[in-house]
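Put together the whole structure using the sequences plus the hints.
2 protein chains.
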Amino acid sequence: MRLELVTVGTELLLGFTHDTNAADIAQALAAVGGIIDRRATVGDDHAQIHDAVSQALERTRFVVVTGGLGPTRDDVTKRAVAELFGAPLELDEAYLETLRERFARFGRGPMPPSNRSQAEVPRGATVLPNPRGTAPGLWLEGTPGVAVLLPGVPHEMRGLLAEQVVPRVRARIAEDGGAARVTLSRALRTSGIGESALADLLTEVEPRLPPITLAYLPQLAGVDLRLTAWRLPPAEAGLALERAAEALRAALGRHLYGEGDTALAAVVLDLLRARGYQLALAESCTGGLVGAAITSVPGASATFLGGIVSYADVSKVRDLGVDAALIERHGAVSQEVALAMADGAAKRFGVAAAAAVTGIAGPGGGTSEKPIGTVCLAARVGPLRRTVRRWLPGDRLFVRERSVQAVLDLVRRLLLEEADTEGGSG
Amino acid sequence: MRLELVTVGTELLLGFTHDTNAADIAQALAAVGGIIDRRATVGDDHAQIHDAVSQALERTRFVVVTGGLGPTRDDVTKRAVAELFGAPLELDEAYLETLRERFARFGRGPMPPSNRSQAEVPRGATVLPNPRGTAPGLWLEGTPGVAVLLPGVPHEMRGLLAEQVVPRVRARIAEDGGAARVTLSRALRTSGIGESALADLLTEVEPRLPPITLAYLPQLAGVDLRLTAWRLPPAEAGLALERAAEALRAALGRHLYGEGDTALAAVVLDLLRARGYQLALAESCTGGLVGAAITSVPGASATFLGGIVSYADVSKVRDLGVDAALIERHGAVSQEVALAMADGAAKRFGVAAAAAVTGIAGPGGGTSEKPIGTVCLAARVGPLRRTVRRWLPGDRLFVRERSVQAVLDLVRRLLLEEADTEGGSG
Chain A
1 MRLELVTVGT ELLLGFTHDT NAADIAQALA AVGGIIDRRA TVGDDHAQIH
51 DAVSQALERT RFVVVTGGLG PTRDDVTKRA VAELFGAPLE LDEAYLETLR
101 ERFARFGRGP MPPSNRSQAE VPRGATVLPN PRGTAPGLWL EGTPGVAVLL
151 PGVPHEMRGL LAEQVVPRVR ARIAEDGGAA RVTLSRALRT SGIGESALAD
201 LLTEVEPRLP PITLAYLPQL AGVDLRLTAW RLPPAEAGLA LERAAEALRA
251 ALGRHLYGEG DTALAAVVLD LLRARGYQLA LAESCTGGLV GAAITSVPGA
301 SATFLGGIVS YADVSKVRDL GVDAALIERH GAVSQEVALA MADGAAKRFG
351 VAAAAAVTGI AGPGGGTSEK PIGTVCLAAR VGPLRRTVRR WLPGDRLFVR
401 ERSVQAVLDL VRRLLLEEAD TEGGSG
Chain B
1 MRLELVTVGT ELLLGFTHDT NAADIAQALA AVGGIIDRRA TVGDDHAQIH
51 DAVSQALERT RFVVVTGGLG PTRDDVTKRA VAELFGAPLE LDEAYLETLR
101 ERFARFGRGP MPPSNRSQAE VPRGATVLPN PRGTAPGLWL EGTPGVAVLL
151 PGVPHEMRGL LAEQVVPRVR ARIAEDGGAA RVTLSRALRT SGIGESALAD
201 LLTEVEPRLP PITLAYLPQL AGVDLRLTAW RLPPAEAGLA LERAAEALRA
251 ALGRHLYGEG DTALAAVVLD LLRARGYQLA LAESCTGGLV GAAITSVPGA
301 SATFLGGIVS YADVSKVRDL GVDAALIERH GAVSQEVALA MADGAAKRFG
351 VAAAAAVTGI AGPGGGTSEK PIGTVCLAAR VGPLRRTVRR WLPGDRLFVR
401 ERSVQAVLDL VRRLLLEEAD TEGGSG
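If you read the sequences in order, they're chains A and B.
Residues in the first sequence are numbered consecutively from 1, following the numbering used here.
Residues in the second sequence are numbered consecutively from 1, following the numbering used here.
You can take every hint at face value.
Repeated chains share a single entry, so a pair holds when one copy, or any two copies, can fit it.
Quick list of in silico lysine to any residue cross-link-like pairs, SDA-like style, CA-CA up to 20 Å: (1) Lys370 to Ile327; (2) Lys347 to Ile327; (3) Lys347 to Val314; (4) Lys347 to Gly321; (5) Lys347 to Leu414; (6) Lys370 to Trp391.
If you're looking for bench data, these hints aren't it; they were derived computationally from the structure.
The following block contains the structure:
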């Protein structure tokens with residue numbers, strides 16, 4: 001089933017807001033067999049909406065439209081599309097009652113008159129209930145084809161998409177002959193290895209992947225590998241994806257840290273928990289970002305005790321017990337100081353796992369010997385201690401985010417090594 | 001000058017990647033007088049690109065196309081558009097030489113044969129130099145109108161847009177009669193006040209804003225107010241925007257913390273610096289996020305000394321000197337403990353400005369008395385000490401990010417008060 005998307009909103013068209021709805025709709029419908037040919041974005045303008053939807057229907061006879069269903073006068077989508085279907089707007093008394101009840105229930109006072117227009121429905125349209133907002137979804141079916149209208153508020157749109165639209169599209173594809181071809185993808189996440197080194201590592205695997213395609217997606221935390229099955233029968237797509245993922249896993253080894261949207265910090269916390277370690281941190285240039293990443297994972301408090309943000313050198317000495325002479329001799333950004341910071345954090349918090357970061361995030365502070373982006377990392381896991389120096393050139397944001405990833409990856413690899421040395425008995 | 005955008009890429013169409021290019025192009029061209037009627041997105045498919053560009057040219061005779069200019073076989077934009085203009089591709093020897101030199105200069109070895117296709121240029125097209133990458137921009141002009149082709153890699157696209165495309169579009173609009181009408185916007189940023197309270201505050205100002213429109217944009221750090229001048233002569237747009245901003249500033253008072261993309265943390269650092277204070281932090285539920293926000297500002301190290309991430313209660317006692325009995329009596333999430341944490345951080349780091357956060361970010365840990373989202377904040381600025389309890393319901397990410405904003409805003413307001421009490425003499 002071919003289809004097109006039309007997203008409505010002058011703010012979208014001008015780039016003031018990003019079109020997350022289009023991405024969500026495309027992925028959800030491709031996953032059940034929709035083939036998305038084109039997406040158009042137009043402003044809150046009757047003629048533009050009318051033209052874009054009409055042209056989409058001429059090409060594919062199925063269009064999903066989002067945005068422009070609110071109660072204000074800018075919201076003209078419903079009228080423009082109803083006109084295309086020759087369907088006059090009629091007041092849906094039942095829906096009006098639902099709206100009034102909702103306003104009463106939330107104690108927001110009587111429903112403003114402007115909301116009344118949201119209960120006006122094109123004759124013959126199916127109302128798709130929207131429990132999260134006041135504008136219902138609408139499913140219009142007629143001579144021009146099918147038009148599905150969804151509100152533009154993202155969480156309302158996603159609810160309607162999952163609960164109302166995807167099941168109907170799936171059923172329609174099944175009715176149309178059943179031989180759905182779906183587009184599915186999954187991501188494998190790597191860390192601690194660059195894009196070209198990854199490509200070298202996968203030289204032998206890549207030719208075995210088709211019909212699955214492989215895309216390299218450099219992220220701050222490392223390179224994600226996206227595998228995609230394009231327009232295959234559902235069972236075949238799932239099987240082919242799993243086979244490809246299996247081949248990649250074998251080739252990637254420890255460079256692979258997770259799949260889907262697994263966060264590196266969550267993987268580190270799981271490993272710490274499994275090995276019975278608690279963690280403390282010492283951060284300089286990252287200023288708290290490593291702790292923020294760790295504590296973004298629910299349940300971190302059982303494993304993460306805390307940290308010292310020793311932004312000033314005096315704090316490295318006073319709060320982490322780093323020898324002032326060490327800083328004098330090697331500089332605050334050195335592997336020696338990083339290791340002493342990790343030791344100090346472990347000691348202060350009384351834990352056997354600790355990590356430290358000290359570096360030059362810029363824009364000032366670089367030297368020819370230690371240019372901006374120079375970062376020294378250290379980690380301790382039980383008996384293992386390690387420090388590395390990395391050069392992560394880029395702007396301040398990039399240096400800091402990459403430093404977080406690098407130090408988390410160092411802890412992860414030490415935890416895996418430590419498990420090896422104990423034969424996995426822990 | 002009316003125009004349309006076409007963005008090319010199957011990954012874009014399926015929502016695997018977000019279309020930041022479209023937003024950048026729309027804003028840049030609207031700001032010099034382009035009127036963007038529509039944007040279309042199609043996959044890496046010759047026929048789809050051909051159709052979408054051809055239809056856009058029929059409607060507006062000016063189209064900007066991004067994506068699909070790389071060296072791989074997926075990149076078919078150039079051929080599809082060249083066909084529309086009846087312009088055969090010809091090897092541009094000068095550009096081929098530029099490419100070869102670039103590969104040699106970066107020591108990447110000889111240029112791969114696949115890059116040779118990037119030196120093929122539609123006959124008569126103007127090559128727009130792309131110093132950041134290997135695919136040049138192309139400006140085609142002929143019977144169908146004008147098509148501007150830009151690579152899809154965002155930083156390459158942005159460079160070409162600013163250096164090559166915007167100046168040409170501006171010149172063309174001037175040639176076409178000069179009466180450009182531009183769409184410009186600016187943002188005023190508020191913190192510590194909700195959307196409906198803001199709307200109440202602005203009741204008297206709003207009717208005076210037209211022709212400028214006002215949009216409320218709730219962000220994590222507070223509500224941004226976007227003022228937009230739509231299709232006005234440039235001088236008039238600038239003046240009307242400035243008048244509207246002036247009216248808002250007067251009404252907003254201290255709720256306004258900055259304009260454009262100013263960060264709340266940068267404002268706090270500026271105020272600290274101006275008043276001669278250094279800052280220390282004590283964080284519990286935010287796990288380092290406040291420090292991360294502060295140190296995301298270049299030059300923070302002169303003012304921010306460091307912090308304690310006391311995620312475990314034992315660290316609040318040991319590292320911040322919080323009385324264990326206080327935690328016992330009021331709970332770790334209490335205004336009393338927040339204030340003691342701020343005091344402890346100030347003392348440990350020997351500074352007169354400090355802030356602390358303790359709260360329940362969820363998903364576990366909530367009680368009926370202190371539900372998830374309960375956050376206690378404290379700040380000290382010289383002689384002033386203050387603590388507040390807030391309820392910021394939402395998911396973990398939201399609670400934490402809103403807590404960061406709330407504590408930074410508390411410090412900001414205390415700094416302004418402190419300046420008042422000293423008559424601004426500092």
